[in-house]
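There are 2 protein chains.
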Amino acid sequence: MSNPTAAMIVIGDEILSGRTQDTNSNHLAQQLTMLGIDLKEIRVVSDDERQIIHTVNALRMKYTNVFTSGGIGPTHDDITADCIAKALGVSIDVRADARAALAENYKNPEVELTDARLRMARIPDGATLIDNPISKAPGFSIENVHVMAGVPAIFRAMLAGLLPNLVSGTIIQSKTVNVKLKEGDIAKMLGVIANENPDVAIGSYPYYDDGVFGCNLVVRSADAVMLENVTALIRKAFTSD
Amino acid sequence: MSNPTAAMIVIGDEILSGRTQDTNSNHLAQQLTMLGIDLKEIRVVSDDERQIIHTVNALRMKYTNVFTSGGIGPTHDDITADCIAKALGVSIDVRADARAALAENYKNPEVELTDARLRMARIPDGATLIDNPISKAPGFSIENVHVMAGVPAIFRAMLAGLLPNLVSGTIIQSKTVNVKLKEGDIAKMLGVIANENPDVAIGSYPYYDDGVFGCNLVVRSADAVMLENVTALIRKAFTSD
Chain A
7 MSNPTAAMIV IGDEILSGRT QDTNSNHLAQ QLTMLGIDLK EIRVVSDDER QIIHTVNALR
67 MKYTNVFTSG GIGPTHDDIT ADCIAKALGV SIDVRADARA ALAENYKNPE VELTDARLRM
127 ARIPDGATLI DNPISKAPGF SIENVHVMAG VPAIFRAMLA GLLPNLVSGT IIQSKTVNVK
187 LKEGDIAKML GVIANENPDV AIGSYPYYDD GVFGCNLVVR SADAVMLENV TALIRKAFTS
247 D
Chain B
7 MSNPTAAMIV IGDEILSGRT QDTNSNHLAQ QLTMLGIDLK EIRVVSDDER QIIHTVNALR
67 MKYTNVFTSG GIGPTHDDIT ADCIAKALGV SIDVRADARA ALAENYKNPE VELTDARLRM
127 ARIPDGATLI DNPISKAPGF SIENVHVMAG VPAIFRAMLA GLLPNLVSGT IIQSKTVNVK
187 LKEGDIAKML GVIANENPDV AIGSYPYYDD GVFGCNLVVR SADAVMLENV TALIRKAFTS
247 D
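For the protein sequence lines, the chains are A and B, in the order given. Numbering-wise, the numbering used here comes out as the position in the first sequence, counting from 1, plus 6. Numbering-wise, the numbering used here comes out as the position in the second sequence, counting from 1, plus 6.
Worth flagging that the hints you see were computed from the coordinates, not collected in a lab. Just so it is clear, the structure is predicted and the values come from calculations on it, not from any experiment. Any given hint might turn out to be false.
One copy or any two copies: either way a pair holds, since identical chains are not told apart in the list.
[Unchecked claim] Restricting the straight-line Cα-Cα distance to at most 20 angstroms, the calculated cross-link-like pairs of lysine-lysine (PhoX-like) are:
1. Lys113 x Lys242
2. Lys181 x Lys92
3. Lys242 x Lys188
4. Lys142 x Lys113
5. Lys142 x Lys188
6. Lys181 x Lys68
7. Lys188 x Lys113
8. Lys242 x Lys92
9. Lys181 x Lys142
10. Lys46 x Lys186
11. Lys142 x Lys186
12. Lys186 x Lys242
13. Lys242 x Lys181
14. Lys92 x Lys68
15. Lys194 x Lys242
With the hints as constraints, model all of the structure from the sequences given.
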């Protein structure tokens with residue numbers, strides 16, 4: 007059986023303007039790799055209702071899981087929850103359990119839970135809350151869409167609570183061989199090795215550092231013996247180890 | 007007239023596995039912002055022919071410019087150039103000018119320009135070369151699609167040569183006000199300010215650092231006076247400066 011799949015949607019003009027470097031998708035990618043869930047696609051979109059709705063609907067039909075980050079705070083530009091409700095065709099309103107979670111964050115919730123803050127308790131109908139141990143305002147899962155905050159520490163904390171609930175797959179293990187040669191010097195032989203071992207994926211990731219070219223050859227397989235054998239073959243072919 | 011638009015396609019399994027943090031799209035975003043070209047979307051896709059072709063065709067129809075990074079080296083997993091040719095329905099072969107550029111990199115090109123390296127001189131019919139001052143193997147532009155290397159230093163060098171040839175737009179200037187309050191404490195007033203100044207974009211980017219919450223309010227406008235006025239309004243409302 008093939009592994010569950012996933013897509014990530016990073017929502018936020020600040021990524022597209024270059025102001026902020028997205029790191030949430032890299033963290034998600036690492037976590038999913040350890041669970042055998044194959045991340046197939048990442049999309050960064052702006053704080054634009056039409057684009058968010060279109061992207062959520064395109065990806066939730068295609069992949070086992072869709073993760074989003076960003077746009078669930080209390081300010082006017084936080085439109086993700088409403089967009090998700092529209093994308094799934096469900097209503098959205100302040101929900102008692104989300105309000106109660108949020109209230110934990112305030113000494114005097116009757117006063118401090120302003121209308122603006124209560125926007126963070128608006129949850130699409132039928133969703134399950136995702137716990138936020140840091141600032142309490144919850145994320146949520148609805149069908150196969152998991153909606154989380156953009157602030158990296160909060161995204162990570164929410165994800166840590168969510169991941170144990172997802173169906174995992176066969177973990178693809180990998181080994182990396184660092185080769186201090188130009189890709190062009192190894193490409194032919196590497197192509198032969200790749201061709202002769204179709205059940206192992208071999209990626210070549212060149213780098214250029216301080217005037218020196220080299221590449222990391224990453225071998226991936228769910229089969230530990232095959233992984234070991236092909237890695238040994240590559241090490242023998244291209245390194246003096 | 008509205009600004010030219012752009013999309014970025016990052017090609018590479020190493021990003022989706024979490025092995026590598028993509029930084030090319032952040033660099034591109036910053037460069038485009040300085041030119042008044044609006045980056046609307048970033049997609050990260052795997053080294054998969056169908057997905058690359060589908061993504062290129064979806065985005066080149068929709069945006070003024072499409073930039074790609076990754077997959078143009080000499081190894082078996084470098085399939086970008088061939089995918090671009092297929093997406094645009096043109097042929098692809100080793101081209102004399104690309105071969106000549108590549109040859110500059112070698113003392114003895116007759117021997118060193120192996121078949122594997124010559125793959126890097128395969129250019130889709132009708133494309134213009136993008137100079138690679140670092141490792142010589144060129145990128146290329148075909149119609150509105152600009153194909154560059156994934157190694158960050160080379161991506162940046164190629165982009166620096168390419169950008170002056172593109173049509174630029176009105177530069178959106180921005181000012182950032184750091185506010186040491188929780189978003190919930192400013193959301194209502196900020197919403198009023200945003201509502202009263204529809205020609206200025208106001209984004210709120212919360213952060214959580216060492217147990218302290220705060221946010222950066224970013225005001226964006228092509229109009230310097232309006233930008234200054236709204237920034238002053240925000241500073242007065244939420245800071246003691």
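Original post:
For the identical chains here, do lysine 242 and lysine 92 meet the 20 angstroms Cα criterion within one copy, between copies, both, or neither?
Top reply: neither (56 angstroms within a copy, 36 angstroms between copies)
Original post:
Taking 20 angstroms as the upper bound on the Cα-Cα distance, should lysine 113 and lysine 242 be classified as within, between, both, or neither?
Top reply: Classified as neither; 64 angstroms inside a copy, 27 angstroms across copies.
Original post:
How would you label the pair lysine 142, lysine 188 (within, between, both, or neither) given a Cα cut-off of 20 angstroms?
Top reply: between (50 angstroms within a copy, 13 angstroms between copies)
Original post:
How do lysine 46 and lysine 186 come out at 20 angstroms by Cα distance, when the copy is not named: within, between, both, or neither?
Top reply: neither (30 angstroms within a copy, 38 angstroms between copies)
Original post:
For the identical chains here, do lysine 186 and lysine 242 meet the 20 angstroms Cα criterion within one copy, between copies, both, or neither?
Top reply: within (13 angstroms within a copy, 57 angstroms between copies)
**OP:** Using 20 angstroms as the alpha carbon limit, work out where lysine 242 and lysine 181 are close: within a copy, between copies, both or neither.
**Re:** within (14 angstroms within a copy, 55 angstroms between copies)
**OP:** Using 20 angstroms as the alpha carbon limit, work out where lysine 242 and lysine 188 are close: within a copy, between copies, both or neither.
**Re:** within (16 angstroms within a copy, 57 angstroms between copies)
Original post:
When no copy is specified for lysine 181 and lysine 68, does a C-alpha distance of 20 angstroms or less occur within a copy, between copies, both, or neither?
Top reply: Answer is neither; intra-copy 30 angstroms and inter-copy 39 angstroms both fail.
Original post:
Can you tell me if lysine 181 and lysine 142 fall within 20 angstroms by alpha carbon in one copy, between copies, both or neither?
Top reply: The answer is neither: 39 angstroms in one copy and 30 angstroms across copies each exceed 20 angstroms.
Original post:
Given identical chains, is lysine 181 near lysine 92, meaning Cα to Cα at most 20 angstroms, within a copy, between copies, both, or neither?
Top reply: neither (43 angstroms within a copy, 33 angstroms between copies)
Subject >> Alpha-carbon proximity context of lysine 188 and lysine 113, limit 20 angstroms >> reply: For lysine 188 and lysine 113, only the inter-copy Cα distance (15 angstroms) is at most 20 angstroms; the intra-copy one is 61 angstroms.
Original post:
Which holds for lysine 142 with lysine 186 at a C-alpha limit of 20 angstroms: within a copy, between copies, both or neither?
Top reply: Result: close only across copies, 19 angstroms inter versus 49 angstroms intra.
Hint check: violations occur at hints 1, 2, 6, 8, 9 and 10; the rest are consistent with the structure.
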